[in-house]
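Residue numbers (my numbering), protein chains in the order written: chain A, 54 to 189; chain B, 54 to 189; chain C, 54 to 189.
Hint data in this document are derived by calculation from the structure and do not stem from the laboratory.
A hint or two may mislead.
A pair counts as met if it fits within one copy or between any two copies, since identical chains are not told apart.
No farther apart than 20 Å at their CA atoms in a straight line, the calculated lysine to any residue pairs in the SDA-like style are these [stated by the list, open to error]:
| # | residue 1 | residue 2 |
| --- | --- | --- |
| 1 | K129 | D112 |
| 2 | K84 | N157 |
| 3 | K129 | W166 |
| 4 | K55 | G86 |
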Amino acid sequence: MKIVNDSFTIGSNSRNQMINITDNVQDSIRKSGISKGTVLIFCPHTTGAITINENADPDVVHDVLLTLSDLIPQDKRGYRHNEGNSDAHVKSSLVGCSETVIINNGKMLLGTWQGIYFCEFDGPRHRTANIQITGE
Amino acid sequence: MKIVNDSFTIGSNSRNQMINITDNVQDSIRKSGISKGTVLIFCPHTTGAITINENADPDVVHDVLLTLSDLIPQDKRGYRHNEGNSDAHVKSSLVGCSETVIINNGKMLLGTWQGIYFCEFDGPRHRTANIQITGE
Amino acid sequence: MKIVNDSFTIGSNSRNQMINITDNVQDSIRKSGISKGTVLIFCPHTTGAITINENADPDVVHDVLLTLSDLIPQDKRGYRHNEGNSDAHVKSSLVGCSETVIINNGKMLLGTWQGIYFCEFDGPRHRTANIQITGE
């Protein structure tokens, strides 16, 4: 059993954005030499998140971001945090800051339509994703 | 340390449904022979999810599904994805596509009232859950 | 590779509360002697959750709890579960009952502003968090 840590950077260019990082994660796995185990993708930012969703039709990403912003508006009455990004913190806790994916034969065991996304909720910013690959 | 992959199929019979798969997961653990470690339960579908919630009163499942559908309606204004299931994709990202549970003495370390559910948000369909058990 | 299980108790003093447990988790890691790997923090309660969010300004915690309670009211029409805590069950499934964090050089690889929180949604109560540390 080996444990390999890695990371990569991500640049967002709008306030709310989902950036497909599937190829970056697969590249970390390839470099690790691990063919069976798991990969943990972790967002070290409290106004970002990691999710898995449709990789084909970009309208799905649009609809996910639209729904989140309608449910959790940026200027909701009652917010106390004075940085104007309370909505981004709420979205981060609801979507979650990590995903774990099974690796088999050197590939992630994702469904046909699944891609891994870094969710930006308070961009544009430079961001980091931390990766840990464990296995044999 | 051993790593064992498994999977099982699930049939849903309504559009929104939570199916208790706790026994299926425990069965995969028993077959693996692993008594200490973790089990990862992963949904490879972008309109499904995995969650852990009350295993006793089915009214809890009803109330969870009711609340999700009220918050995230199927026919929300502004959706662009033309398959009529944008709501299912949003629910999938909010509930999340996996859970990880501790195994101790061959059993999952779940609370008394916890069960593991496959969440169907765009059924009825045939679905798969992927399982990875890691430990000794 | 070692696998070490641990747990600690948490006391909440209001119905909705986020309790910073980062130091408790770091203490479990220190006791385990594991310097590289992962820590899984698991909530065995169906009306609680685990999340990672801002550790500095307590207004962020206020705003997260406010938004959750506005979206998911305690007395929503249509709830069937007769214990008056359906909202807490819904919040638990949306926030999620666990988080996994990378350990490197004996420390959690958290972002500068990230803290780990036990989320109480049906307090005040005595609660438990289960911990599993895996690595070398």
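Violated hints, by number in ascending order, as checked against the structure: The structure breaks only hint 3.
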